[in-house]
Amino acid sequence: MGPDAKRDLVSIDDLSCDEIMALFRRADDYREDLRAWSGVCPGSIMATLFFEPSTRTRLSFESAMLRLGGGVVTAADAQSTSQAKGESLADTVRVVGGSYADILVVRHPCDGAARVAARYASVPVINGGDGAHEHPTQTLCDLYTLWREKGELRGLDVVLCGDLRFSRTIHSFAYALARFGANIVTIPYPGFEMPPSVLDRLDSQFGVQAIAASVGDLPGIATAENSAAYLTASRPHQLALFTNLTEHHVERIDAIYMTRAQRERHAGQSTEGYPRISPELMRSDLMRDARVMHPLPRTDEIAYEVDADPRSIYFRQAELGVPIRMALMAFLLGAIEIDASRPTAFASDPGLRFAAGIGAQCRNVRCITNSEAVRYLPAEFRMVREDPPELACAYCGEAVRASLVGCLTSKRFHAHDSADARRIKPENRVYFESEQQARVEGFRGGADA
Amino acid sequence: MGPDAKRDLVSIDDLSCDEIMALFRRADDYREDLRAWSGVCPGSIMATLFFEPSTRTRLSFESAMLRLGGGVVTAADAQSTSQAKGESLADTVRVVGGSYADILVVRHPCDGAARVAARYASVPVINGGDGAHEHPTQTLCDLYTLWREKGELRGLDVVLCGDLRFSRTIHSFAYALARFGANIVTIPYPGFEMPPSVLDRLDSQFGVQAIAASVGDLPGIATAENSAAYLTASRPHQLALFTNLTEHHVERIDAIYMTRAQRERHAGQSTEGYPRISPELMRSDLMRDARVMHPLPRTDEIAYEVDADPRSIYFRQAELGVPIRMALMAFLLGAIEIDASRPTAFASDPGLRFAAGIGAQCRNVRCITNSEAVRYLPAEFRMVREDPPELACAYCGEAVRASLVGCLTSKRFHAHDSADARRIKPENRVYFESEQQARVEGFRGGADA
Amino acid sequence: MGPDAKRDLVSIDDLSCDEIMALFRRADDYREDLRAWSGVCPGSIMATLFFEPSTRTRLSFESAMLRLGGGVVTAADAQSTSQAKGESLADTVRVVGGSYADILVVRHPCDGAARVAARYASVPVINGGDGAHEHPTQTLCDLYTLWREKGELRGLDVVLCGDLRFSRTIHSFAYALARFGANIVTIPYPGFEMPPSVLDRLDSQFGVQAIAASVGDLPGIATAENSAAYLTASRPHQLALFTNLTEHHVERIDAIYMTRAQRERHAGQSTEGYPRISPELMRSDLMRDARVMHPLPRTDEIAYEVDADPRSIYFRQAELGVPIRMALMAFLLGAIEIDASRPTAFASDPGLRFAAGIGAQCRNVRCITNSEAVRYLPAEFRMVREDPPELACAYCGEAVRASLVGCLTSKRFHAHDSADARRIKPENRVYFESEQQARVEGFRGGADA
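Chains as they are written, first to last, in my numbering: chain A, 350 to 798; chain B, 350 to 798; chain C, 350 to 798.
So here's chain A without its partners, still in its complex pose (with noise of 0.2 Å):
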């Protein structure tokens, strides 16, 4: 990717900690007066394409393209209509960023469509939330918050409570903390504890930690029921030392992060019982620096009591989406420049892509990839790791383990362990998850010379 190629938001990892840190210094300009700022965009069209709704994040980036001075052309309802005439998303993204719009927001139920999108689209994409995969603007925006209300985020201590399972605004976010250097507690609601796979990106991707944790007195949050867990990898020596031996007692509390339960998405089961964050919560000694924050809408999980505190942020939170978004946006149109180094490894650096023939399709069937109407697109993985090889879906992200590994020029698959698999030439590399999946493809077993 050359220095002067389109950038998109498609997930968080698009964006280096200083780019972040640098728009959070021209978001800061942006707020002090909205309504100056219509200078900085004249002329550009931001397109909305929202393929599921979502009024309040469709109008937060609509808010914040017109305070910078451009134009805005909305498709609420993306799904009902062009869709329905069978066309691709490729298509479409293409059609509205040729003339239509000079910056595409996408919005869309299946995972790792924003990355279709960015791929199509001759102009920068930003991931307005696709499937249960991504949601990168919300995490910029509450990383914004937390860093505007505690002055950094090395070091903070963050409840991430309620529903871990679901929510892509808590995953995004997880990842988010570990990599500014940020500690997690998670309370989970019973049987909506964070996934394994998160788990295991955040200690695979930076070195975090899981240790059972203990929490004073946080009533309505830690229950006997909930175990809570401390996530770190900022003091690897004692967590080294004491793993398993002892548990990480939780002294105090930066910050809570709330989460509704996603009814949406397990409709039917009980959320009685829900952690709720009360009067008598924010009393607690354990809460005294703490900011309460949620990603709105909320349902019965704060007490409307709660609005009038001073530590509750959640609709500062909201407040602070649009000149984030505004300095993001300013960004992508190349309207501003940022003096920051870019992430070391874009997700969409085509130099990480791997185009293995490991069997016909991502096994996540929300992917955009297994979605009929992108019967254009090709299996695509990323290398994660390469012992034992896992590789990820170039979409949604969702990891793949190869234990196979296949050579193009002699059509001989060997155990990804073995000498013969080791001989094997970088570009000739492909990668299987089964015998059967190598032989259908054309590869036999054995040895090589």
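If you are wondering where the hints come from, they were derived from the structure by calculation, not from laboratory data. Fair warning: there could be bad hints in the mix.
Since the list gives no way to pick one copy over another, a pair counts as held whenever it fits inside one copy or between any two copies.
With a straight-line Cα cutoff of 25 Å, these simulated SDA-like cross-link-like pairs (lysine to any residue) come out [what the hints assert, rightly or not]: (1) 355 with 386; (2) 499 with 661; (3) 499 with 374; (4) 499 with 621.
Given chain A, put chains B and C in place with the hints provided.
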């Protein structure tokens, strides 16, 4: 409410007569060349939050804001998104009015919803129609149109015709006409008479009384079956002398305001014989100086042949909706100064509020306080009359007659007209509709000391 | 129609060839830097009134208006609101075109609806597609794309392929190609041939005649089953000599215009064996200079592998929709001057209208005059041909053959080719399809004097 507090337009009562006239004059400037005012509100953003659809009203507001040089973000079907996730109206307006928009236009199916929005949003709120309650910008537009046509409002004789029962437009217009000293002739479709509550308010607030009226030749409008009434406060002496003795004879008409049968509000009922404005009616001598008005959309109650008549001003009426909304929004956004005295008593003035413990809820089932989504909202009432005590829901205006007065310190209640009741200090008074209600709240009957 | 009358674009015939070429040149200026023209229409507002959804068309118009510096108000689903309250199209456009907007774009499911809108609105109306009738801005865009690619239109050989029966896009494009002197090769999917009415109009209006054609090697397109035809007016001598004797041999192709099967218009029918543009086709010698066009959205009729071929211009075609719509709107709004002669006969010229008493209604069931919502609209026809009399619905263009001519003064009717008929003065002539129709209107058969 301090001089710098934000101003809302929830009810037409939120503007003084002086202010309304000043807005008319400003609108006159705007309408001369609608394209010349883009410098009035540059950088400002209006959000339209429509919890029930109304394309006409929405487009009128959006056009007005664009013509002022501002931007627009639109949730044309807000019902289906935030609310589907269980969000309260208060939260929605706090988020959208936080940084997304500088002024909100809210349309909602529940009576009183706009007052809730105004209360929670930090930016000005305009009521774009809340249930059967109010639609003040329609009334502003109606008054403005009539004023432009006739040069004044005081003393005009205005016929209100058709469905006078379910049309909030008619009710709001009637209050406004009375306030400006115009007289009203009601010619309802039988069964769709002006409700007693509206007549009551016209009487109590403006001293307007109704007497029987006879109207001459108005073919298609005034029939043997429907009984006209003359509502006026302008000739109190005559009325005092002759009410119930004679009836007012209508000799000429300044305007006839026609409404469609609100079929969506009384589905299934036939509207055969509904009044209709025809070319024949227009030839009536009574109609010589009359203007024909209609809030639109019409169905069949005005013949298409009448459109070309110069006295037909319903399309002009729609046209004037844009400049008057421009004037209103420029005023509420603080972009223009209006040299006019404020209303003496804001409907929204907290000083007039009375959060009485008079039972749990307003009795209007369509009131926002009875909506499940607004579980955070306490019942709240304004004192309308002291003796006998009459309260009005602070949101929808529904009247409550409370014959018992309690004392907060002694926890005893008394008949409102007893000596005991009169001795209770104003700050200690609470009102009850029944003994049972009082006892439930922990009050005992009987003497104090 | 006076020189200062407003101009509409209901049919591509509303623009002269000169004007179209002038718009192309203006669009060329615009497309060089789409962001540089916000000074062209500041303060102007476009309203999109879409009575059936079409996100692509809507966004293209909205983007064009924003890029001209104007504002946009949108009723993306106008069907569900005003019409639900029983409002007529005429009333809707009078209100929205009154002060809300300075130009209207109307899309409607009924044939001829755009003509109704143009007639009642006081501002310019652009047809964004009315039923199966016309979609003139798509045609403008198609012509502009072809002209840019080939430098001219006269004499080009253009293949129309696929569903030539239900595609209004194809029909409008065919008329426009004929008007500019291009030749057409039709290669329909069997059963989806060009309708006789279209061939008739090509003949009567442009002198275009169809002869059988043979096409060489076009794999996937030209098969044994489907019969190609060559439609041309450019070589009249040859045609006069050889029609029915021989067939035209297609040796090269300048463009192939592909359409999808309009599944929404013929639900249930299989489209197996539908023509498909594949990489193999692109290698055909005949295709050497050909451009591949498509109005989009495509489904499967163009292989994704063809996208990268430089001769594939369908995405460019969509891209050029914005600058050509910019030029059109700037022209209709009077923001730019076009130095070009007007069409000699406006389709909308009232002088060409003939409000004949030929029976109550147009026979096209999808015609707007037969829609219940348009009860105010009289049947109205234009004279297409005198002998034998052929009329066309002034709204949808549907032909009516009327063999009887009546006289308004004598109230008698005669066969159109009788001496009696010829004696009737033009201003007294009315036309009937049958004796019965004439008698119903009170005419008697037989001699006059």
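Against the structure, the hints:
| no. | hint | result |
| --- | --- | --- |
| 1 | 355 with 386 | both (23 Å within a copy, 24 Å between copies) |
| 2 | 499 with 661 | within (14 Å within a copy, 55 Å between copies) |
| 3 | 499 with 374 | within (14 Å within a copy, 51 Å between copies) |
| 4 | 499 with 621 | neither (33 Å within a copy, 64 Å between copies) |
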